[in-house]
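Asker: Each chain, letter by letter, is given below.
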Amino acid sequence: MYENKTTGYLYIAPFLLGLATFTLFPFLSSFLLSFSDYQLQDPVAQANFTGLTNYREMAADATFHNSLWVTFLYVFVTVPLKLAFALFIAFVLNFKLRGIGFFRTAYYVPSILGGSVAIAVLWRYVFAGDGLINQVSIWLGGEPLNWLGEPGYALFTIVLLRLWQFGSAMVVFLAGLQNIPTDLYEAATIDGASKWRIFFTITLPLLTPVIFFNFIMQIVQAFQEFNGPYIITGGGPLKSTYLLPLMIYEEAFKYFNVGYASALSWALFVIIAIFTVIAFTSAKYWVFYGSERGDKK
Amino acid sequence: MQRRSLLLGGLSLAATAIAAPAIRAASPVNLRMSWWGGNDVHRAQLQALEAFQRRHPHIRIKAEYTGWAGHLERLTTQIAGGTAPDVMQINWNWLRLFSRHGDGFYDLNRLPGLIDLTQFPEDAIAMSTVEGHLNGLPPSMTARLFYFNETTFSKAGLSVPDSWDALLAAGPIFRDRLGPDYFPLDVNFQDLTAMLYSWQIQRRPAPFIDEVTRELGPDLSDLTAMAEFYQQLVAQHVIPSARERASYGNVQPQELRPWISGRYAGTYQWTSSVGKFADTLEPGQRLTLAPYPMLPGASVAGLLYKPSMMFAINRDTPEAEAAALLVNFMLNDPEGVAILGARRGVPASRAAEQVLAANGGLDPLALAGKRQVESLPRAIHLSGYFEHARVRDGFNDILEKQGYGRLTPEQAGKAFNREINAILHRVIR
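Respectively, the protein sequence lines represent chains A and B. Note that the working numbering numbers the first sequence so that position 274 is 274, with each residue one more than the last. Basically the working numbering = 1-based index in the second sequence + 1000.
Relax, there's no trap hidden among the hints.
Here are the simulated DSS-like cross-link-like pairs (lysine-lysine), alpha carbons at most 27 Å apart as the crow flies:
hint	chain 1	residue 1	chain 2	residue 2
1	B	Lys1414	A	Lys254
2	B	Lys1276	A	Lys254
3	A	Lys96	A	Lys195
4	B	Lys1155	B	Lys1276
5	A	Lys254	B	Lys1401
6	B	Lys1401	B	Lys1414
Just so you know, these hints were derived from the structure itself, not from any lab.
Okay, chain A solo, but in the shape it has when bound (with noise of 0.2 Å):
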């Protein structure tokens, strides 16, 4: 019983040193350099402690406030659109028709290719001032737009970059839509219920423990995003599309001011967990889970 026990431990330790040394101690030290003025070119024997003196400037960084604005709008906008994009396209493609195989791969190929510097830079082309969207406009008549050059539009083409890897939220509706058993649209269909109202009373509270998913897991990465900003538009024209974690890297990268960078990274780290912890404090209000209905034994 010991030798398996040990057994099991070495096969884990890989793992646990990994965790380790990757990811708990950048965790801790930047918590410990929040509250210090380490600069990177330093040695960070040099740092001193500080004590809230970031915190304190992060509360009069207008920088902050508007960088904290744009990323929030960022998430209000792209999650909730994400998500109802990605189920409505799961849905489509739950039904059975010819050939749907294909097009299930082919809506999952965007997310693999995700949103990676090509994709970005890619982007950057497609929205650009006489980029394949503009032209595309004026062949059909239009008005060119300037996507990226217009603090109101840029946000919205980061957010599109962000809708168009839809490919993972998708397949997880889709698995969720699968498991519907089938007899309660039968037993729906024979009392008459419209298509909407078997949607809205069958399929959307049966798939509420997927979206719960789905939310928290779209949330957090929309928080984290870095690619779009960083490679499209650099977070401009005027920070419109200056999201935390761009400033995050931009402190400690760019200027090396690691101890403030550390202490936006952990006001990130709060803001998530504190949408996480409301998230799954009001899960009990809204998520449906199929034991609730005496079906599990």
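Dock chain B against chain A, hints included.
Answerer: For chain B alone, kept in the frame of chain A given last:
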């Protein structure tokens, strides 16, 4: 041919004499050298290291090379962690980061006879020295100059501008003769700040940043005048508006389609970088160096003139002599110089320039730039803090707000005065 052979022979002898101490000391030595660059630089640098190791078989060099992106972050981490390479390519403004008091890198003055310092111009040595410590040596010096697309200017019926007035006059002519998408000059906010710096120094020849008071040299009226000049450049159709410029996203200026096609017909660029601007132009277009514009009565050009980059030695290296031999090989030795060519700009070392001039390794555009810089009055030295990321971004943000109409020139002048001075107080320690 004979003259060239004699020259190369003489330089080889000089290099051999400098290298002599290392040849005598034959115990094995391991060095690490890091640099950033493109594939062309990597290939040449690796060849140069091989040649150096052939000449000094007891020295082994581990090459650590990357592209530009992330290089500073990597080096910063290495320096902070005490694992920096023995020889490093650094940027001149990094001296302000890593060696505020001159003790961040090995003082090359402590290695007499190993590096031929006499080959370098005085200002190159002066700008590489911090509080009396020679922190590195530049492969080349660089300055921002005006380069124009001669083909587009010909199409507009103009010759390239040779004064500020000619530049301002070119804007409306471009608009009227070529169309609203054509501009005589393209500058991003960083280039624009540099251009306004030069213009201001010509108006009032005094240091732009006073490192003692930790404030900007120009007063409020000067700073407002700079903002007004920006306004004038946009209004006169000399440069694209902030909105038009931003419509292409976060893209390098030489990769902008209007630059490639010649619609943006000028740049205010470093002599060490202009090659890549010439390279991206569509075939049939010609980039040319323009006479540097001077305000009437100006006594200095207000050039942004600095080492393009530097080779520095780790202050804690146990192999400083071998590292110095390597630096000398790359900067002064005929063999090293011939292999590296002018990939890092027209050499600052006179010996190196002679070698490349003799073997035809100098790009005419780059050489013309160097000659122009040498001919211009440049009494005012650039402060390294002008290139500090926070200072640079401070100017960018204010100019961007002005460009988008959020600030009037008067408000922008006040913002320079208030915000940049606050930044300077923070970064100059």
